[in-house]
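Participant: Protein chains in written order, with numbering that gives the first Met the number 0: chain Z, 0 to 578; chain L, 0 to 207.
For the record, the hints were derived by calculation from the structure and aren't laboratory data.
Possibly wrong hints are sitting among the right ones.
Under the rule of at most 25 Å between Cα atoms (straight-line distance), these lysine-lysine pairs were calculated in the BS3-like manner [stated by the list, open to error]: (1) Lys-429/Z / Lys-168/Z; (2) Lys-2/L / Lys-456/Z; (3) Lys-524/Z / Lys-429/Z; (4) Lys-82/L / Lys-114/L; (5) Lys-50/Z / Lys-429/Z; (6) Lys-50/Z / Lys-422/Z; (7) Lys-525/Z / Lys-50/Z; (8) Lys-165/Z / Lys-456/Z; (9) Lys-525/Z / Lys-422/Z; (10) Lys-429/Z / Lys-165/Z; (11) Lys-82/L / Lys-456/Z; (12) Lys-103/L / Lys-50/Z; (13) Lys-168/Z / Lys-456/Z; (14) Lys-50/Z / Lys-5/L; (15) Lys-2/L / Lys-168/Z.
Computed footprint of chain L on chain Z; a stretch qualifies when at least three of its residues, placed anywhere within it, have a C-beta under 8 Å from a C-beta of chain L [what the hints assert, rightly or not]: (16) 8-20; (17) 69-79; (18) 198-208; (19) 532-539.
Restraint ranges, calculated between C-beta atoms of paired labels, are given here [as the list claims (entries may be wrong)]: (20) Ala-21/L / Pro-314/Z: 36 to 46 Å; (21) Ala-447/Z / Leu-126/L: 44 to 54 Å; (22) Pro-207/Z / Lys-114/L: 53 to 63 Å; (23) Lys-78/L / Met-319/Z: 41 to 51 Å; (24) Thr-497/Z / Asn-122/L: 52 to 62 Å.
Remember, it's a predicted structure, so these values are computed and weren't measured experimentally.
The beta carbon of each residue, even a glycine, is placed where N, CA and C say it ideally should be.
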Amino acid sequence: MNSSGILQILLYGVVVTVGAVPLGLYMARVYQGERTWFSPVLGPVERALYKLCGIRPTEEQHWTTYAFATLAFNLVGLLVIYGLMRLQAVLPFQARFNPAGEAAVAPDLAFNTAVSFATNTNWQAYGGESTLSYLTQMMGMTVHNFTSAATGMAVLVALVRAFTRKSTKTVGNFYVDAIRSIIHILLPLSVVLTLVLVWQGVPDNLDPYVTATGLEGGTQSIAQGPVASQIAIKQLGSNGGGFFNANNSHPLENPTALNNFVDMVLLILISAGLVFSFGRMIGDTRQGRALFIAMGLMLIVGIGVVYWQEAGGNPLVHAMGVDMSSGDLAPGGNMEGKEVRFGIANSVIWAAATTGSSNGSVNAMYDSFTPLGGMVPMMNLMLNEVIFGGVGSGLHGMIVNVIITVFIAGLMVGRTPEYLGKKMEAREVKLAVLCILLFPLSVLGFGALSIVLPAGKAAIAAGGPHGLSETLYAYLSTSANNGSAFGGFSGNSLYQNTMLGVAMLLGRYLVIIPTLAIAGSLAAKKTVPSSAGTFPTHGTLFIVLLIGVILIVGGLTFFPVLALGPIVEHLMLGAGTTF
Amino acid sequence: MFKQLKQAVLVTLFLTILTGLAYPLGMYGVSRILFPSQAHGSLVMKDGKVVGSTLIGQNFTSPGYFHGRPSATTDTDPKDPNKQVPAPYNAASSNASNAAPTAKSLVSDVSDRVKALRNENPNAHVLVPVDLVTASGSGLDPHISPVSAEYQIPRIAAARGISEEDLRRLVDEETTGRVLGLLGKATVNVLTINLVLDERYPMRAISR
């Protein structure tokens with residue numbers, strides 16, 4: 000650990016906060032249908048889409064219709080991307096759009112990858128540059144990066160809107176919320192970010208792979224493609240699926256430290272901004288601020304712990320007389336799986352941010368992190384992505400935790416809990432508990448199966464407790480729709496492609512449906528004025544209680560498996576045991 | 000029900016045209032005009048031929064060149080299409096070792112690399128730097144740390160018959176500091192510095 004590393008971490012926190020406030024207010028205006036500076040340009044595009052698709056933007060939907068629209072839209076997209084992968088070798092314009100001659104993707108891998116992109120998980124059982132054609136990357140991956148992000152944002156907006164309504168049957172129009180997310184937020188930001196990335200060195204072309212003859216005479220085939228435009232939306236939309244296998248550690252995806260910093264801010268910025276949009280939309284900015292503080296505190300503590308561990312390095316490597324001290328001219332620390340241009344500090348900020356949010360892109364390999372360093376990304380996943388979380392999905396997950404928190408606070412004083420003027424009654428609390436319980440059930444259930452069945456166990460690369468960590472991480476990452484991995488885990492088998500695919504589907508849609516049901520139920524309720532007996536949800540006491548509930552729920556559920564995985568590995572590493 | 004499905008299909012269709020064709024192809028069109036070199040992968044030409052990309056590391060093994068970091072990339076075994084064999088710096092298939100911190104393979108790999116480095120660089124002035132014995136995340140890391148360049152100076156000076164001082168000056172020139180003095184780490188680009196080496200201190204008849 001050194002001062003420049005700490006300075007970079009602080010700078011990151013400041014830039015995210017300063018950027019999130021104006022973006023949040025802008026997004027609130029977009030979702031409320033108000034005019035913005037960009038309306039003259041983007042408004043006509045939005046309206047043209049409504050006309051082409053036969054959408055009447057003023058037509059509101061009951062929560063069940065909203066949910067059905069969400070599922071139907073996601074299902075159609077899923078079929079399209081699956082079809083693209085299966086047919087990529089026979090679609091027209093092969094020379095232009097498939098110069099590397101990639102073959103059809105195998106059915107199980109295509110299923111897994113299609114689900115992975117539709118659910119905003121972006122788990123990579125595939126290696127981009129060795130599996131997918133340029134056409135699949137553009138019309139499959141890039142499109143889903145937009146639409147899956149917009150799906151999460153729309154569900155959140157429906158939930159937030161429900162708090163602002165009383166005695167209403169409807170929660171908004173799914174297509175309006177999704178199209179506004181894309182046209183007014185994701186697309187313009189992606190255009191700007193693409194240009195920044197290309198300027199920094201991320202390629203954007205349809206060239207065939209280039210064969211270079213190196214200085215020592217060997218040849219090297221260098222992958223190319225429409226990279227920058229996809230990386231931009233992959234960062235913004237908390238997607239995280241890499242154009243290349245090595246994701247953002249690949250120098251053509253992430254060529255410089257400046258590029259890295261911009262990517263790192265943008266992978267969390269929309270999620271952070273939405274917290275402020277929420278405050279604005281419900282007409283009480285203090286509520287958004289409280290949630291922001293709770294999330295921010297958990298993020299910073301996580302970054303601190305990984306930094307401490309990774310800067311310390313691997314004692315086994317140190318013992319061989321390798322210089323692990325860090326300085327201006329030396330990276331130091333645990334550099335296995337990390338890139339020199341980022342060093343330790345930028346690798347660990349990314350690790351905590353990408354797992355706290357649901358992005359899942361990586362600029363270093365977490366399988367090679369020290370045991371406790373790798374435990375932090377794992378714990379961020381265990382808290383089910385509420386440290387800013389995915390675009391939309393992070394905040395609606397957080398609001399579910401808030402419902403549990405006010406419920407517990409209500410139990411303590413014997414009053415019906417309220418949040419933002421809505422009484423939280425049996426139906427809402429039951430639905431919230433459903434959202435919370437499904438996740439550990441999926442992780443531990445599928446994880447246990449994978450450890451026990453030979454077909455599942457075959458995926459493990461590491462020996463000893465680390466093998467358990469690899470499996471646990473895979474099912475955490477897919478159930479939480481994150482997408483990062485302990486990459487030694489061989490997910491590309493019939494068994495894992497199928498089971499991980501199912502985990503992704505459950506983790507996404509079995510949370511979206513109850514969340515929309517909560518929205519429907521809240522919209523139908525009357526609003527109660529706050530009284531002296533109302534538990535204030537914007538103060539320090541609430542923030543502490545909320546963090547406590549999140550940690551206790553996540554901690555109690557997963558502590559036993561953490562003890563068997565990273566914690567015991569840490570102790571054995573200290574004792575010099577290898578596997 | 001039918002109306003709902005029709006709407007889902009229409010929205011998917013038009014959003015695919017917008018975000019899956021218009022957006023990426025439009026950005027490609029703009030990028031190649033604004034940033035032609037970067038858009039095509041920052042390729043380096045020498046005598047009219049592509050010798051690599053400044054952003055992609057290359058596998059250097061001869062004593063007269065700076066060597067990059069270990070790379071864990073693989074390629075399909077020419078004898079058996081179902082097997083992968085080590086192929087360092089395979090830029091068509093990026094990969095990391097993904098070795099666990101407690102993996103025996105990690106310990107033996109690092110220990111082999113330390114031994115090999117000490118054999119090749121008996122006169123090094125500094126300890127073996129950690130980035131020279133650990134594989135990068137992409138397997139294509141184009142950089143080494145300045146201290147890793149320093150470590151290799153005596154070997155290269157001997158191979159090229161030049162003074163260590165000249166080389167040290169070259170490393171200084173080729174060291175890129177932190178971005179804005181703050182972000183990331185100081186780096187030396189291995190391909191770039193080797194190109195300058197060849198230009199400034201060509202290897203004569205001296206052993207490769």
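Participant: Which hints from the list above does the structure break, by number from lowest to highest?
Facilitator: Those not satisfied are hints 2, 4, 5, 6, 7, 8, 12, 13, 16, 19, 20, 22, 23.
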